[in-house]
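Undergrad: Make a model of the complete structure from these sequences and hints.
Protein chains: 2
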Amino acid sequence: MKNIIKLATVSVAAAMLSTVAHADSLIENVNGITLDKNGEVVRFTAMVIDDEGRVKELLDRKDKRPADLDFQYDGEGKTLIPGFVDAHGHVMGMGFAALTLDLSGTRSLEEALQRVRDYAERYPNRQWLIGNGWNQESWGLGRFPTAAELDSVVPDRPVFLSRVDGHAVWVNSRAMEAAGIDAKTQAPAGGAIERKNGQPTGIFVDLAERLFDQAIPQPRPVERDLALMKAQEILLANGVTAIADMGTTMEDWQSFRRAGDKGQLKVRIISYAAEIDNMIAIGGPGPSPWLYDDRLRLAGVKLYVDGALGSRGALLKKPYADQSGHSGLALLTSAQLKNKMSRAAMDGFQTAIHAIGDQANAETLSAIEEMQSSYRGDRRWRIEHAQIVDPADLPRFAQTGTIASMQPVHQTSDRLMAEVRLGPNRLDGAYAWKSILDSGAKVAFGTDVPVESVNPFPGLAVAMTREDENGEPFGGWLPRERVTRIEAWRAYTLDAAYAGFAEDRIGSLEPGKRADFVIVADDLLLSSPADIRKFRVEQTWIAGRPVYRSE
Amino acid sequence: MKNIIKLATVSVAAAMLSTVAHADSLIENVNGITLDKNGEVVRFTAMVIDDEGRVKELLDRKDKRPADLDFQYDGEGKTLIPGFVDAHGHVMGMGFAALTLDLSGTRSLEEALQRVRDYAERYPNRQWLIGNGWNQESWGLGRFPTAAELDSVVPDRPVFLSRVDGHAVWVNSRAMEAAGIDAKTQAPAGGAIERKNGQPTGIFVDLAERLFDQAIPQPRPVERDLALMKAQEILLANGVTAIADMGTTMEDWQSFRRAGDKGQLKVRIISYAAEIDNMIAIGGPGPSPWLYDDRLRLAGVKLYVDGALGSRGALLKKPYADQSGHSGLALLTSAQLKNKMSRAAMDGFQTAIHAIGDQANAETLSAIEEMQSSYRGDRRWRIEHAQIVDPADLPRFAQTGTIASMQPVHQTSDRLMAEVRLGPNRLDGAYAWKSILDSGAKVAFGTDVPVESVNPFPGLAVAMTREDENGEPFGGWLPRERVTRIEAWRAYTLDAAYAGFAEDRIGSLEPGKRADFVIVADDLLLSSPADIRKFRVEQTWIAGRPVYRSE
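The listed protein sequences derive, respectively, from chains V and D.
Residue numbering for the first sequence follows UniProt numbering, beginning at 1 and increasing consecutively.
Residue numbering for the second sequence follows UniProt numbering, beginning at 1 and increasing consecutively.
Wrong hints could be hidden among the right ones.
Identical copies carry no separate label here, and so any pair may be met within one copy or between two of them.
Mimicking BS3-like on lysine-lysine, the simulated pairs with C-alpha atoms at most 30 angstroms apart in a straight line are [claimed, not checked]: (1) LYS78 - LYS338; (2) LYS262 - LYS340; (3) LYS37 - LYS262; (4) LYS184 - LYS78; (5) LYS318 - LYS64; (6) LYS340 - LYS37; (7) LYS184 - LYS534.
In case anyone wonders, no lab produced these hints; they're calculated from the structure.
TA: So, in structure tokens, the structure goes:
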């Protein structure tokens with residue numbers, strides 16, 4: 001506007017003054033360790049943080065400390081490492097799981113039923129009893145549980161219990177009644193109903209779970225907001241300062257926004273919308289900007305190509321070893337997958353595709369190869385889980401720049417089940433972290449929380465050993481797929497950030513990146529995997545501010 | 001945290017420096033006029049604005065100017081007034097209207113049909129032709145138009161045209177086909193289908209419009225975002241710096257958020273969610289905070305008690321004078337209304353209730369009286385339109401602290417129609433601005449854009465004269481309801497802000513409030529109503545930054 005007179009001198013003076021006005025913070029006396037952007041280990045004893053919560057400088061013992069400080073924190077010589085980035089989790093699912101009936105860790109059907117009974121007594125006013133975390137494989141049951149067994153502990157109210165992997169539900173008779181399900185009910189495409197003499201037994205697999213959608217009361221936004229707060233608590237207590245949310249619904253997004261709007265969003269959430277419709281409804285013409293000082297961004301879309309191995313939904317090239325003629329459930333045809341990927345890619349959305357079986361991975365890699373020719377640029381195609389990959393397909397990750405987003409702890413949880421599902425001769429590309437890395441592809445690690453605990457330390461230990469918490473099998477399962485300590489750590493930090501287009505702001509402690517870090521008692525690089533598994537987070541800081549401290 | 005050492009001296013020094021660091025701006029040499037918070041006129045010649053876009057000081061010619069300035073603007077003696085606050089509009093509807101077929105201002109059915117034909121030729125690829133703004137009252141037709149008449153200009157594609165008040169649609173035969181509508185189709189509750197010999201004629205009133213919901217392709221988010229940008233352009237060109245959005249859907253909200261996230265939200269939007277479900281889905285446990293530096297807030301919910309007068313949907317105490325036995329359409333029972341109001345009030349959401357007919361206003365006032373006893377505090381119940389109020393009910397606005405949110409230009413558009421609908425003896429409480437003000441209640445003015453133009457100047461002129469753009473009727477229609485110049489201005493600024501819980505930040509130019517203002521050529525307080533009607537906005541500024549300048 002012509003009448004505006006810029007008073008340049010004043011502005012320059014103001015700019016000079018404002019540099020002086022903002023003082024830094026100093027984290028002093030720590031055993032600091034991080035990877036740099038090249039994956040090299042950097043050690044430091046102090047860190048300067050600017051007033052926007054970004055790392056300004058890493059200092060050695062002999063380096064000069066800044067003169068103007070807003071505050072200083074004495075780390076008492078403890079180990080300071082970058083906050084963990086969980087490359088694959090379900091934030092709201094995690095919060096709800098923490099607030100609902102939890103059957104994880106149950107060792108027998110009886111123990112699970114006892115927990116259901118206790119929960120029902122504790123919440124006499126809840127219309128529906130909702131729970132999750134059961135795994136009949138851990139019960140040595142050799143079969144799915146039944147509605148009749150649930151009826152024996154809760155005959156009067158509907159009970160709806162998701163399997164640990166989310167790919168099957170176990171319900172009681174009142175739940176089936178409420179949903180109007182009987183012997184005549186057909187499973188929708190992509191789903192299956194377990195039956196005995198034609199009667200549903202109480203187990204509904206994959207898309208058959210949707211038969212209950214109308215009957216189950218939806219959580220209200222106020223309950224969603226509580227779940228998000230609960231999820232943040234757990235993430236911070238586990239040293240996870242950023243997480244990729246795999247399958248954000250509009251309701252989830254609104255909870256994220258409400259928290260952000262009120263300054264209550266602490267953890268950084270890299271969001272992948274649940275399906276194309278949510279992606280468009282939230283993002284409109286493209287991914288969102290980074291919001292709330294890098295605490296939220298809609299990066300892309302989460303799609304599902306198949307189900308899970310435990311519920312025999314994973315799509316295999318050959319039939320399941322333990323169910324003849326059955327090769328899993330295709331949730332999308334190859335043409336549908338490519339249409340959806342195109343729809344996302346044309347507007348610059350990233351795609352993260354759930355593929356567990358070898359056929360699902362092969363089809364997804366083929367689709368990515370086709371997309372590559374149409375959509376140029378830095379696309380960072382992601383395959384989520386990539387659990388069973390035909391060894392012949394392994395090189396295709398690196399060839400297409402596809403990131404394998406994998407969950408180390410799944411390997412120990414699934415090992416025995418995978419052997420039964422696939423038989424002994426089809427395990428060569430199972431949970432093949434090292435092979436994928438060595439082929440030149442990037443691997444990002446996560447937990448699939450709430451399927452597994454969000455604690456990253458058991459994940460690091462498993463990645464290095466392929467042994468479970470009891471040290472089984474000794475020397476590791478398919479031990480050639482063990483990765484090095486640095487590879488494991490990198491996949492949980494730097495490359496998990498890269499997988500979410502966030503490596504310029506989080507994933508390591510380097511000047512210009514956010515000062516998100518965790519304080520633990522011992523040195524991560526000098527501890528044994530068994531000790532790392534037992535690491536406890538003492539403090540978690542985000543953007544240079546403390547957000548969690550253990551009791 | 002115990003180890004944090006606050007370095008108090010440094011912080012204080014930093015705070016002192018930062019005060020110096022932020023320089024102010026000066027708007028100089030203006031004929032500044034505003035109301036203060038008591039409604040008194042204040043004149044000034046210069047305004048100091050702080051670096052957050054807030055008014056810091058109003059200065060007289062003799063007052064000392066600040067020394068440290070970031071920039072200075074010379075107003076060349078022109079008049080500077082606060083930005084207008086439109087208390088009732090439809091932001092997205094306004095944007096879409098500007099991008100779709102516009103039949104407003106047509107003087108005959110032939111002219112309207114010609115415009116439809118031209119539009120169809122201009123957009124040969126649009127599947128549906130969507131338009132609005134028609135008003136058979138302005139055509140001297142004495143009846144509604146018909147599908148057959150539309151077929152004569154567009155036989156090959158569906159055409160769907162909303163009446164100027166949004167309370168009826170006019171469609172062609174292809175549109176009815178596409179929606180599967182024939183002689184057997186029944187109108188839903190709250191709606192009506194015009195028929196001749198049992199066949200639908202092409203006019204669908206109020207909720208009967210929803211029969212087309214499934215058939216009409218929904219705009220995509222990218223089109224919504226374009227509509228929002230268009231709406232902002234029009235608002236700023238008319239000097240409207242804030243608007244209450246009456247009926248925000250989740251899709252609308254996402255557009256507002258995307259614009260805000262990208263720094264493209266200029267106008268301030270006070271949002272009232274469309275119905276309780278959107279209110280809860282967006283707001284969750286309560287109204288949102290002010291977002292984007294006071295540019296967006298979800299304040300409450302918009303509810304509808306009845307329809308509009310033109311389409312005989314307004315709910316009257318006695319039957320319409322021109323349709324015996326028909327008293328309008330109740331869109332909610334009294335019990336439903338109170339349930340919804342309770343649902344909003346319990347979580348602190350404000351309610352803005354569309355009530356046009358005298359019966360609708362009486363029922364809404366009764367509901368508010370009942371709410372008052374349960375929900376204490378500063379509630380600011382709003383009745384939107386309050387067009388026809390039984391004189392006996394007028395004092396109930398002030399008694400309950402209810403704000404009458406009214407649209408002056410509706411009075412001139414509706415005058416002849418209202419006389420026909422109500423007859424000569426039931427007009428005592430029609431568009432009764434002055435009576436409501438004198439009873440002690442607050443009146444907020446708006447335009448109901450896109451029903452009327454968002455230009456506030458004709459509204460000011462109408463409010464002062466009750467004459468239309470041609471000076472009819474001379475001396476004003478029911479002239480005792482004319483308001484003073486200051487009352488009209490206040491209802492378009494200070495009290496429109498008050499109606500949206502925003503009077504602490506906008507609505508007048510006072511220290512601490514946002515520097516939202518408009519520059520016009522002449523003095524608003526010294527110009528005749530006829531001249532004010534012709535005022536053109538030369539510049540619009542929001543938060544101390546120029547956002548519009550006329551060519």
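Undergrad: How would you classify LYS340 and LYS37 at a CA-CA limit of 30 angstroms: within, between, both, or neither?
TA: Neither way: LYS340 and LYS37 sit 33 angstroms apart in one copy and 55 angstroms across, limit 30 angstroms.
Undergrad: Since the copies are identical, ignore which copy is meant and state whether LYS318 and LYS64 lie within 30 angstroms (CA to CA) inside a copy, between copies, both or neither.
TA: neither (64 angstroms within a copy, 86 angstroms between copies)
Undergrad: Classify it for me, LYS78 with LYS338: is the Cα-Cα distance of at most 30 angstroms met within a copy, between copies, both or neither?
TA: Result: close neither inside a copy nor across copies, 49 angstroms intra and 60 angstroms inter.
Undergrad: When no copy is specified for LYS184 and LYS78, does a C-alpha distance of 30 angstroms or less occur within a copy, between copies, both, or neither?
TA: Neither, since 63 angstroms and 79 angstroms both go past 30 angstroms.
Undergrad: Please work out whether the CA atoms of LYS184 and LYS534 approach to 30 angstroms or closer within one copy, between two copies, in both situations, or in neither?
TA: neither (51 angstroms within a copy, 72 angstroms between copies)
Undergrad: Have a look at LYS262 and LYS340 and pick one of within, between, both or neither, based on CA distance no larger than 30 angstroms.
TA: This pair counts as between: shortest inter-copy Cα distance 26 angstroms, intra-copy 34 angstroms.
Undergrad: At most 30 angstroms between C-alpha atoms: does LYS37 with LYS262 qualify within a copy, between copies, both, or neither?
TA: Result: close only across copies, 29 angstroms inter versus 33 angstroms intra.
In the structure shown, a violation is registered for the earlier hints numbered 1, 4, 5, 6 and 7, in ascending order.
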